[in-house]
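J.: So the sequences go chain by chain: A and B.
First residue of the first sequence? That's 1 in the working numbering, and the numbers climb one at a time after it.
First residue of the second sequence? That's 1 in the working numbering, and the numbers climb one at a time after it.
Please note that a few of the clues may not be correct.
In silico DSBU-like cross-links for lysine-lysine, where the CA-CA straight-line distance does not exceed 30 angstroms [stated by the list, open to error]:
1) A:Lys581 with B:Lys572
2) A:Lys10 with A:Lys474
3) B:Lys93 with B:Lys234
4) A:Lys539 with B:Lys144
5) B:Lys10 with B:Lys144
6) B:Lys144 with A:Lys572
If you are wondering where the hints come from, they were derived from the structure by calculation, not from laboratory data.
For clarity, every value in this text was computed on a predicted model and none was experimentally measured.
2 protein chains.
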Amino acid sequence: MKYIEGTNVKITDGFWKAKQELNRNTTIHSVWNRFSDTGRIAAFNFDWKEGMENKPHFFWDSDVAKWMEGAAYLIAEKYDADLEAKVEGLIDKIEENQEDTGYFNIYFMVCEPDKRFTGRSLHELYCAGHLMEAAVAYYKSTGKDRFLKCMEKYADYIYKVFVEEKSAKFVTPGHEEIELALIRMYNATKNKKYLDLAEFFIEQRGNNSVDFPVTNDDLPKNDKYTQSHLPARKQRTAEGHAVRACYWYKAMADLAYEKNDTELAEACRDIFNDIITKKMYITGGIGASHLGEAFTVDYDLPNETAYNETCASISMMFFAKSMMKLENNTVYADIIEKELYNGMLAGLSLDGKGFFYENPLEINLRNHIRHTSVCGTDRLPITQRKEVFDCSCCPPNVNRTLATINEYIYAVDGETLYVNQFMSSEADFEGVTVKQTTNYPVDGEVELNFENAKIAKIRIPCWCDEYTVSGEYKVEDNYITIENPKDVKINFVMKPVLMKSNPGVGNNVDKVALMYGPVVYCAESVDNIENLYSLYINKDIKADVLYNGNYGMNEIIADGFVSKPANALYSKYADNLEETKIKFIPYSCFANRGESSMLVWFNVR
Amino acid sequence: MKYIEGTNVKITDGFWKAKQELNRNTTIHSVWNRFSDTGRIAAFNFDWKEGMENKPHFFWDSDVAKWMEGAAYLIAEKYDADLEAKVEGLIDKIEENQEDTGYFNIYFMVCEPDKRFTGRSLHELYCAGHLMEAAVAYYKSTGKDRFLKCMEKYADYIYKVFVEEKSAKFVTPGHEEIELALIRMYNATKNKKYLDLAEFFIEQRGNNSVDFPVTNDDLPKNDKYTQSHLPARKQRTAEGHAVRACYWYKAMADLAYEKNDTELAEACRDIFNDIITKKMYITGGIGASHLGEAFTVDYDLPNETAYNETCASISMMFFAKSMMKLENNTVYADIIEKELYNGMLAGLSLDGKGFFYENPLEINLRNHIRHTSVCGTDRLPITQRKEVFDCSCCPPNVNRTLATINEYIYAVDGETLYVNQFMSSEADFEGVTVKQTTNYPVDGEVELNFENAKIAKIRIPCWCDEYTVSGEYKVEDNYITIENPKDVKINFVMKPVLMKSNPGVGNNVDKVALMYGPVVYCAESVDNIENLYSLYINKDIKADVLYNGNYGMNEIIADGFVSKPANALYSKYADNLEETKIKFIPYSCFANRGESSMLVWFNVR
């Protein structure tokens with residue numbers, strides 16, 4: 001199947017329209033301003049000298065490139081002279097400073113010119129990849145190919161260094177990204193050299209003796225960290241740094257699609273399955289540990305220390321979309337939905353300016369102040385979002401993701417039009433049009449108006465086991481399938497539902513999480529009591545569902561119980577509960593009202 | 001009240017006789033051998049020079065002193081020429097190397113002679129205190145006063161430096177210990193100067209401007225860490241490093257007793273209450289955090305990372321005994337019993353050679369290997385006991401504690417003889433004798449034969465709500481009170497009981513722990529399944545209680561449930577339990593059969 005690209009789909013109203021407007025009006029500018037404050041924009045002047053402040057970091061090119069990519073999509077959706085001027089200004093600098101060879105990297109041209117292509121872990125090709133993605137986006141958004149030409153020249157140079165001359169100190173990059181970018185370059189230019197280069201990096205990974213043992217940098221000397229423990233097609237489990245991993249798995253899936261490589265596709269399928277059955281939080285968060293920002297062992301999903309990098313959720317959306325393209329299975333669209341409403345979205349504050357790098361599923365404020373008598377603290381995720389980080393990869397990743405939400409909705413395969421996500425929107429593709437009207441995820445009512453469509457297939461979300469459809473339909477592979485569709489009304493009945501974990505997740509045994517449609521809920525102490533652990537949800541869920549305009553989603557007031565306070569520290573076991581109400585808000589909305597304890601997994605009675 | 005000292009009480013049989021024999025036959029020798037291996041014994045030769053191995057550490061004097069103290073008690077109980085020769089050999093070295101002034105400290109005489117009394121945190125007076133305790137013990141055990149004379153000379157010198165000349169760089173020691181030791185010196189010698197010196201250190205703590213701000217050492221610059229945040233009599237809560245704290249609280253209680261100081265007694269009572277109602281694990285473990293080995297905030301009792309230093313449990317026994325002497329309330333004897341069978345005992349392996357410094361209430365082996373792709377791990381307690389540590393304070397503390405268990409059993413107050421602990425034993429005090437026969441803690445049957453006792457008061461343990469007594473008795477303040485007692489049979493009915501925590505302990509809400517009499521139980525994966533978190537204890541406890549000779553205590557096989565394995569990572573909530581049996585062993589016996597996951601707090605259904 002093939003997704004309908006952003007230029008052919010417009011989000012017209014509702015929850016995601018508001019988020020896209022927030023991105024356009026606030027987030028994209030806030031990220032630009034913080035990148036200006038921190039020297040990331042000025043670094044493109046190539047005039048940093050030893051002793052000056054704001055020394056360029058070796059990943060800064062990528063931060064700005066992601067911002068450029070996000071701006072490009074916004075320009076395409078609605079022309080914006082300010083954004084265009086900023087992007088064009090940066091392209092000027094790139095063009096001006098790019099080496100004749102094609103090489104372009106601020107850190108390795110300005111700070112460490114002798115170190116080019118010597119450090120596998122120094123994000124050099126990662127930066128190149130993000131610049132290429134931005135160039136492709138800008139080309140497709142505006143038709144202007146100046147930036148793309150620069151990046152073609154750079155890609156040609158990389159091909160020469162890595163494939164022809166083999167003169168770099170490593171064979172494959174420590175941080176993947178360029179693989180997927182090169183396939184985008186191939187799709188944009190049809191130059192097969194870029195697909196070949198992507199294939200080279202993908203097939204060489206974990207398949208050569210140059211990259212290990214690592215001696216030229218200070219990153220973990222463990223090949224799983226960089227997914228270099230096995231050749232791509234032998235990998236079956238998700239390992240190591242989660243963002244690297246999913247950028248890589250996406251590239252593997254894209255290569256499998258381009259080459260019709262069933263063996264590689266099988267590896268991707270198994271890895272995806274490994275993540276969603278053993279290594280993913282209910283919010284879609286992945287990469288449980290801050291050590292290595294990495295996947296760990298099966299069912300190891302602690303809530304308070306959950307790392308769950310925002311970029312990792314975004315990279316999982318990318319991987320899922322590529323798998324959807326490859327295999328057309330609604331499980332992939334379900335995971336995209338999970339990330340959209342939970343894992344990815346939690347990374348952005350409601351005011352559009354603050355970001356979480358880490359997205360825990362539990363905050364116990366007491367644990368942030370428990371060490372009353374010593375210097376030193378436990379390592380815990382921060383409790384309030386920030387506008388910029390030293391390593392600020394997540395904010396511009398949110399920019400470009402929000403600007404491309406429309407690319408996840410519709411897909412085509414032959415005469416079939418797929419409706420994979422539910423957002424008020426309009427699409428127009430080769431004479432077929434569809435208009436969707438919905439309040440999703442406030443409720444599950446979806447109205448679809450098709451013109452010239454032969455077959456419509458509308459995904460039944462995995463959380464839904466009760467729905468109504470106007471007119472005739474049949475169900476095939478979790479799709480409501482309608483021939484010659486015209487005006488269709490569907491109601492995916494949403495109600496509060498309690499979820500449980502696989503018992504392998506030890507910390508969640510005997511606990512439940514509240515969901516409503518695709519949205520995972522949490523409770524904050526600001527709405528409840530400080531000791532959220534003493535609360536129990538009533539297992540026969542009784543709840544009021546109330547729309548909150550600030551969230552654009554519902555709050556839920558559920559019946560529950562609370563352990564009565566006691567004097568004794570330990571006493572004979574007996575239930576000592578009294579009835580109470582518990583107020584829940586969407587998980588993605590936590591930490592927007594000052595510091596608060598927060599919990600997703602609750603006792604149940 | 002007054003405890004009957006060890007020289008008048010003999011443990012004759014049963015659980016504690018076996019532990020005392022283990023100490024005599026194995027533990028005391030193993031600790032000596034490891035202290036020899038590591039240079040701690042040779043350090044007393046005063047011949048270490050820069051460049052040689054085994055540089056004396058500033059706390060080594062105390063390690064060996066505690067061993068000497070333990071050996072002294074063993075010699076008193078049954079003469080042992082080998083132990084005596086070792087102690088005498090060390091006393092020779094002390095006498096030989098002690099300065100004419102009276103000063104004695106290996107580190108500050110051999111390694112840093114210019115630094116005497118300049119570093120508050122360098123354990124100088126702590127070492128002095130332990131040497132004094134050993135000297136008192138050896139004097140009372142053998143009647144020989146050579147060692148005691150050395151320490152009197154040292155105490156006189158300390159009095160001169162700290163009280164008269166005030167020439168040290170600090171007023172009170174960073175690590176308390178000398179305060180309680182000086183009161184023991186006073187009791188042994190009746191020289192009031194030592195009580196005065198103890199009082200000086202106690203009253204000056206947190207009450208002078210010299211000790212803070214700390215600038216001369218690298219320990220935490222926080223006065224709570226060293227209990228220096230308030231003057232002694234204003235303190236109401238347990239703060240900071242747990243071992244320092246309880247040595248200090250014991251000294252405060254002992255001073256209150258000696259001076260009949262009701263204000264100081266009230267501070268002690270409140271602090272004790274703060275610990276047992278807010279800061280103690282069900283095992284008696286205290287000092288929840290490895291950061292500062294410290295007490296933290298109320299109800300902060302995480303199980304897997306529990307620090308619970310063995311020395312802290314021992315220091316809590318000391319504090320409780322001093323409070324018992326001060327106020328005669330069975331709550332103090334209950335806490336001693338809790339430490340005896342759980343917190344303290346867990347520090348020693350069943351073979352008598354291995355020690356835990358930290359005593360967690362939960363081991364999840366998966367969390368020790370979870371970081372599969374990076375260098376670096378989470379900081380967790382070790383899972384198997386070791387014979388010696390770099391900081392090896394706990395092993396000789398276990399030596400001296402096991403050798404003085406008999407001092408916790410009987411007490412007198414006027415014509416009343418108190419039976420506070422239950423161990424097969426005989427005591428003889430001023431013409432009154434008592435013989436106790438019991439299998440405690442295997443069962444609760446206790447036979448007591450008194451001669452010449454006017455009134456016997458036998459503690460009703462806090463865990464017991466059902467008991468039988470032969471003959472006439474009344475109950476006063478949790479004591480079975482019998483006039484003119486002769487032969488008395490009591491049965492404190494023991495059965496498996498489920499306990500719960502105060503809901504303030506968030507991680508234990510909706511969980512239960514199994515106890516049998518005073519013994520807290522745990523389950524290990526070696527006896528059950530690896531995923532102990534998926535087990536539930538049946539709330540209507542049904543269990544088989546089976547004696548295990550290796551433990552000297554019972555195992556318990558309890559009815560329970562297990563969450564059935566599932567494929568999905570998340571699914572709609574529904575109970576999915578099947579019946580199972582769960583095998584429990586005494587908590588103190590964990591980690592004796594290789595690495596195993598372990599759990600104390602279980603789900604309940």
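J.: Determine which of the earlier numbered hints do not hold for this structure and return their numbers in increasing order.
T.: Violated: hints 3, 4 and 6.
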